[in-house]
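Asker: Make the full structure from the sequences, and use the hints.
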Amino acid sequence: MPNRIDAVLGELRESGRTALAPFITIGFPDVPTSEALARTILESGGDMLELGVPFSDPLADGPTVQMTRVESPLILMGYYNPYLSYGPERFLDDAAAAGLDGMIVPDLPTEESAQFGAMAADRGIHLIPMLARQLR
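So for the sequence shown, this note's numbering puts the first residue at 1; every next one is plus one.
By construction, these hints were calculated from the structure, which means they are not laboratory data.
All values derive from a computational prediction rather than experimental measurement.
For each residue, glycine too, the CB sits at the ideal point set by N, CA and C.
Please note that the accuracy of each hint is not assured.
Beta-carbon label-pair distances, calculated as ranges [stated by the list, open to error]:
(1) S44 <-> P2: 20 to 26 Å
(2) A114 <-> D93: 16 to 22 Å
(3) Y86 <-> A121: 14 to 20 Å
(4) L84 <-> T18: 32 to 38 Å
(5) S15 <-> L84: 26 to 32 Å
(6) Q115 <-> E43: 34 to 40 Å
(7) T18 <-> S85: 31 to 37 Å
(8) R123 <-> S85: 17 to 23 Å
Answerer: Okay, here's the thing in structure tokens:
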């Protein structure tokens with residue numbers, strides 16, 4: 001099954017557009033509101049939706065995030081520890097079954113990224129790296 005991120009980016013590339021991929025924190029300010037926000041974003045033209053998983057030590061998030069269409073690609077952002085505790089293979093199996101297309105894991109140790117990325121890719125999930133500000 002092709003990954004929806006690839007399909008959407010291909011369509012956008014062909015039409016000369018760039019992607020709009022808003023971010024929301026799951027459950028903030030509450031679950032019904034975050035569900036409504038997700039639907040509204042996708043119904044209003046969001047090409048993808050990045051879902052942030054709340055975490056007690058959000059090192060890669062800015063202050064705003066710290067406070068805080070079914071066909072469209074879903075990107076999950078969360079820290080590695082909860083996935084490690086859950087079991088990476090089990091998590092990726094469940095994430096793929098739920099329709100996840102991509103993941104951002106800002107604190108994924110370099111020495112574990114190749115294996116985790118390969119496990120994700122085997123399930124059709126893109127591991128999306130973050131670039132340090134000085135690399136721009």
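Asker: Determine for every hint whether it applies to the structure shown.
Answerer: The hints, checked one at a time:
no.: 1; hint: S44 <-> P2: 20 to 26 Å; in the structure: holds, 25 Å
no.: 2; hint: A114 <-> D93: 16 to 22 Å; in the structure: holds, 19 Å
no.: 3; hint: Y86 <-> A121: 14 to 20 Å; in the structure: holds, 19 Å
no.: 4; hint: L84 <-> T18: 32 to 38 Å; in the structure: holds, 33 Å
no.: 5; hint: S15 <-> L84: 26 to 32 Å; in the structure: violated, 39 Å
no.: 6; hint: Q115 <-> E43: 34 to 40 Å; in the structure: holds, 37 Å
no.: 7; hint: T18 <-> S85: 31 to 37 Å; in the structure: holds, 36 Å
no.: 8; hint: R123 <-> S85: 17 to 23 Å; in the structure: holds, 19 Å
Checked against the numbered hints above, the structure breaks only hint 5 and satisfies the rest.
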